[in-house]
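Please construct the entire structure, taking both the sequences and the accompanying hints into account.
Residue numbers (our numbering), protein chains in the order written: chain A, 1 to 113; chain B, 1001 to 1117.
Treat the hints with care, as some may be off.
Derived pair list, reagent style DSS-like, types lysine-lysine, alpha-carbon separation capped at 25 Å [unchecked claim]:
#	chain 1	residue 1	chain 2	residue 2
1	A	Lys-105	B	Lys-1055
2	B	Lys-1055	B	Lys-1066
3	A	Lys-105	B	Lys-1014
4	B	Lys-1066	B	Lys-1020
5	A	Lys-61	B	Lys-1042
6	A	Lys-49	B	Lys-1064
7	A	Lys-68	A	Lys-49
8	A	Lys-105	A	Lys-61
9	B	Lys-1042	B	Lys-1020
10	B	Lys-1041	B	Lys-1066
11	B	Lys-1041	A	Lys-61
12	A	Lys-49	B	Lys-1042
13	B	Lys-1066	B	Lys-1042
14	B	Lys-1014	B	Lys-1041
15	B	Lys-1066	B	Lys-1014
16	B	Lys-1020	B	Lys-1064
17	B	Lys-1041	B	Lys-1020
18	A	Lys-61	A	Lys-49
Please keep in mind that the hints were generated in silico from the structure rather than gathered at the bench.
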Amino acid sequence: AQSVTQPDIHITVSEGASLELRCNYSYGATPYLFWYVQSPGQGLQLLLKYFSGDTLVQGIKGFEAEFKRSQSSFNLRKPSVHWSDAAEYFCAVGAQAGTALIFGKGTTLSVSS
Amino acid sequence: GAVVSQHPSRVICKSGTSVKIECRSLDFQATTMFWYRQFPKKSLMLMATSNEGSKATYEQGVEKDKFLINHASLTLSTLTVTSAHPEDSSFYICSARVSGITSYEQYFGPGTRLTVT
Chain A
1 AQSVTQPDIH ITVSEGASLE LRCNYSYGAT PYLFWYVQSP GQGLQLLLKY
51 FSGDTLVQGI KGFEAEFKRS QSSFNLRKPS VHWSDAAEYF CAVGAQAGTA
101 LIFGKGTTLS VSS
Chain B
1001 GAVVSQHPSR VICKSGTSVK IECRSLDFQA TTMFWYRQFP KKSLMLMATS
1051 NEGSKATYEQ GVEKDKFLIN HASLTLSTLT VTSAHPEDSS FYICSARVSG
1101 ITSYEQYFGP GTRLTVT
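Here it is, written out as structure tokens:
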């Protein structure tokens, strides 16, 4: 069965510092991978997605993620974090077109000044 | 484009009553919509897959008689929580997939906060 693991429950980063949020997936074939961000009490906003091709994917708000098949990972990165980036981040995998996404448990990002 | 709305955004109801949550795709047709439930500080858990014109497919452990799903048109799916109890309090989020396109992408609504008193 497909699964998504986000090993870090909570991360605190200083404003201006770099960020990496980890995501590992379990799926037999090529997965379709997503990163979403959720602000408190809000819905999900898509940051970026990977379907195929270049394994380094650029997203919105200065985020990027790299798909590494050998490590079954899809880590999210940002070179310089802003206070407004504080939120909940979810990694998700889609197994087949048209099926629901499977989400990781999320990582809470706090940004310190 | 590809906007999904939910109504209401927030609802408080008394224990034993029923509440309906609407999920609409505003600028596209959605043959398939999904309903998720999110507990505080938790991930999104898929409740059911809603297919236009047919019965919803529920995930294991989700009571179909309690969470009634109707997908009567290509732009609207509704989730009715029947005989609500405090433990049904949660954040409910829907997503929709664009009809006719083989795509893995889904568009999420802003969520509905349900509080049962």
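Discussion item. Hints numbered earlier in the text: which of these fail when held up against the supplied structure?
Written reply: 1, 3, 6
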